[in-house]
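Student: Build the full structure now, drawing on both the sequences and the hints.
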Amino acid sequence: MTWTRLSNVLLPATVVFVSVVTLLLLAGTNPWDPLRVIVEGSIGWPPFEEGSARKVGDTFMLWVPIALASAGLIVTFNAGMWNIGIEGQIIMGAIAAAWVAREVSAPRPLLVFLTILAGAVGGMLWGLLVGLLRTAGGVNEIFGGLGLDFVALSLTTYLIIGPWARSGVASTSGTDPFPDEALLPSLANSKLSLLAVGITVLALVGVWILFRGTLYGLRLKAVGRNRPSSFLLGIPTNRYLLGAFMICGALAGIAGTSQATGFHFKLIPAISGGFGFLAILVVLLARFRPIWVVPISFFFAMVAVGSPGLSLRLDLHGSLGGVLQGVLVLSAMLGLGWAAYLARRRLIAGGTSST
Amino acid sequence: MSLELRDIHKHFGPVRANDGISITVESGTLHGLLGENGAGKSTLMKVLSGFHSADSGEIVLDGKQVKLASPDDAIAAGIGMLHQDPLVFLPFSVIDNFVLGSPGAQRLDRRGAAAELSKLCERYGFTFDPHTPARLLTVGERQQLEIIRLLWLGARVLILDEPTTGISADQRAKLFVTLKALADEGMSVIFVSHKLEEVEALCQRVTVMTRGKVVGEVELPVPPEQLVEMMFGQMVEIQDRTEVALGRSHLALDSMRMASGLLSEDPISLDVKSGEVIGVAGMEGSGQDTFLRICCGMRTPAEGTVAIAGEDLTGQHYHEFLNADVKYLPAGRLEEGLIEGLTITEHFVLAGEDSNFFIDWGAARTRAEEQVDHYTIKGTEASTAESLSGGNQQRVLLAMLPPELTVLLMEHPTRGLDIESADWVWEQLLGRREGGTSIVFASADLDELLRYSDRILVFFSGRIIGELDAADTNVDEIGLLIGGRTSGGGA
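As they're listed, the protein sequences go chains A and B. Per the working numbering, residue 1 is the first one in the first sequence, and the count goes up by one each step. Per the working numbering, residue 1 is the first one in the second sequence, and the count goes up by one each step.
Don't take each hint at face value.
As the list claims (entries may be wrong) - Facing chain B, from chain A, some residues (calculated, C-beta under 8 angstroms):
(1) G213
(2) T214
(3) L218
(4) A222
(5) R225
(6) N226
(7) S229
(8) L233
(9) G234
(10) P236
Claimed, not checked - Over the 12 angstroms line for every Cβ pair with chain A, so calculated as not near, a few chain B residues:
(11) S42
(12) H52
(13) V139
(14) L151
(15) T165
(16) S168
(17) G186
(18) M283
(19) A307
Unchecked claim - Over the 12 angstroms line for every Cβ pair with chain B, so calculated as not near, a few chain A residues:
(20) S52
(21) P107
(22) P109
(23) V121
(24) L155
(25) V169
(26) G174
(27) P269
(28) R289
(29) L314
By construction, these hints were calculated from the structure, which means they are not laboratory data. Using N, Cα and C, we set each Cβ at its ideal position, and we do this for glycine too.
Tutor: Here's what the structure looks like:
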């Protein structure tokens, strides 16, 4: 048992270490420098040194959407669904928040609340659509979600060069900036919004409680693991699937709000930043556990903020950050897969020897 | 080619699918392999055709021991297997299917193959247009194609696994003629079936298997009653059981038809009273499954009505049936019953009446521990469903049933259980019955059906061909009905 547990950690870690070091050596650098550059570029070196408020803020504000989307995906994964449509749900959240920010005038606290609410509702409805396609239309959630991702993406582009085009110039660089009253309140000299971070922590804790201590969460898990058995037990399986998509969509929508009113301050094309897809990897690496989402998504946020520094400081191409991310995830999955395979083999070997 | 299987063992986890099987098939014979579903016939044939490798035992061909690690090895050794569903690629043409499995050649020689095909067709009286897409062939024709393909590949032992399922009487007659001709040419043919009359009509010898073991081998013909006895065992003395006064109607079917378009199906009318036990007999896939699913509302009948405790629930959602205290426990305990990965405690929480938003895990664990104790489940409240043995899974499923039940529908309540667990299960079920629950159960175990049922419905190819009073029938009568022989008596 202890050996199994140890190999579950050691094996993936070794695989990751070996492949990342190999990659960096192939790229013509020692493994240490790029890591330092990324850390320095994202949270400063030594960490959180004076004057690093801006980049720390950026890192946190990228952590927010990745972690929020991950929290949502834990719900859909537990319900047995691959919510590839999460990108679209983030985008629709951003669009809904942008609409409120542009069209509604209210005192700041109320307006901020409304943008968050709108984002949640926008993402939730887009998620519900994926769920309905699946339960009522028989469309696999992967294909339905992917299709709706494209629809949402095109809709942003249309809004940006169409009805919401910047005054004077039609440009794909984005809409006019939102009025200040609509922006998430942030600390001085930084984008860091304690409100956004707080909501993210609440979401992660909420998801943890959902699957830890509630009947709703247990039923969702049952539906995800075995739909026929759950149905026979009297659980309305379709309603639970829709519920999972709505919860995930709402959290993704808030991630979209944060991207729009807390990071870019306007609606831009591809505002989701690919964080929805990234969150799928985060959740798989975190083994569906909210607590592990926190550091893993923070690490990805650091890579995203810090890797442009690679080209400036080390004469490496900035895209190395992306390659690094990919290799990291792949090698971690590979390591986890091997560990699971070995554990299963041991289980089978143990099983036959005992009978 | 003569064939000998010596002491073949094949286990799947704790299940002994083949437990020391020895069979000898002389060359030029048609050898029947008879047994109910789950007897281990298919496993044995898969071992023989290289699909599975045996845990231990020997396969001897013409006096030489062979090792078959894959179907490829088997066909190279001259063993050809015709699967229950012929392995035909439907989008491909006849000729492409014919050449697909041919070994070695990188270059496709369709013309040469077509010549071989027509030669073989002529010899066995088949007609194929090589360019017809295989999807246009009937199941019988696909079999014919598969047979001549195996012959072309050099098969000298031919295994047929339930080959008459889904083919017409004409095609069956033709198949039998072909098989006899092949045997006359010196081919060894193994004919796997659960249909008595076919084995009787075709084979010279028959081996009967039950529960992974050979229980007998005889030279045919013998009286069919003897085969039934070998398949299902001696009739056991039926003990007296407590009489339960039958009460009001709990499950009523009125001129119900299961499927539209089945002309041979008579509408079913049935009234099950409280405290009554109905046994459902028949070979697997004869319609019992559909019947039970209609009774619990998971399927809607094509015609007629289903009423629970006097209330017409036809066409209502399964969960309405559940609210009317109808419960269905299908055969697949881990597929349709328990949830892999969840603990016993979690199962009881899911099945429980308590619908508070937050789960009180402390109380839930205590309750689960009590249940584990009370139902003598070997495991703890933290054991996951899949870690339990079949008998203990069944115990958990029974423990999860609500206290009040109008109708309990079960498939194979004791399949795969040891005698102790099986007795325990029936103790529970009979206790329910005394409480007024109506029980409808499907089983392949004739003893079980006779011992516990009040009435027995026998299914054959999608319809009920007999309704028997359990008190005045016997294993022979049911066995013959299950094999589709209505002439032997019965309704």
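Student: All hints are to be evaluated individually against the structure, with a verdict given for each.
Tutor: Right, here's what the structure says about each hint:
1. G213: 5 angstroms, holds
2. T214: 6 angstroms, holds
3. L218: 6 angstroms, holds
4. A222: 5 angstroms, holds
5. R225: 5 angstroms, holds
6. N226: With a minimum Cβ separation of about 4 angstroms from chain B (threshold 8 angstroms), the hint on N226 (chain A) holds.
7. S229: 5 angstroms, holds
8. L233: OK, holds: L233 (chain A) within 8 angstroms of chain B, min 6 angstroms.
9. G234: Where the cut-off is 8 angstroms and the nearest Cβ of chain B is about 5 angstroms from G234 (chain A), the hint holds.
10. P236: 7 angstroms, holds
11. S42: 22 angstroms, holds
12. H52: 15 angstroms, holds
13. V139: Holds, because the least Cβ-Cβ distance between V139 (chain B) and chain A comes to about 28 angstroms, which exceeds 12 angstroms.
14. L151: Per Cβ check, L151 (chain B) is outside 12 angstroms of chain A; nearest 39 angstroms; holds.
15. T165: 25 angstroms, holds
16. S168: With a cut-off of 12 angstroms, S168 (chain B) remains clear of chain A, as the shortest Cβ separation is near 34 angstroms.
17. G186: Correct as stated: the minimum Cβ-Cβ distance to chain A is 41 angstroms, above 12 angstroms.
18. M283: 23 angstroms, holds
19. A307: Check passes; 21 angstroms lies beyond 12 angstroms.
20. S52: 42 angstroms, holds
21. P107: 35 angstroms, holds
22. P109: At about 30 angstroms from chain B, P109 (chain A) clears the 12 angstroms cut-off, so the statement holds.
23. V121: 23 angstroms, holds
24. L155: 37 angstroms, holds
25. V169: Since the minimum Cβ distance to chain B is about 53 angstroms, V169 (chain A) lies beyond 12 angstroms and the statement holds.
26. G174: Correct as stated: the minimum Cβ-Cβ distance to chain B is 43 angstroms, above 12 angstroms.
27. P269: 41 angstroms, holds
28. R289: At roughly 15 angstroms from the nearest Cβ of chain B, R289 (chain A) sits farther out than 12 angstroms, so the non-interface label holds.
29. L314: Fine: 46 angstroms to the nearest Cβ keeps L314 (chain A) off the interface.
Of the numbered hints listed earlier, not one is contradicted by the structure.
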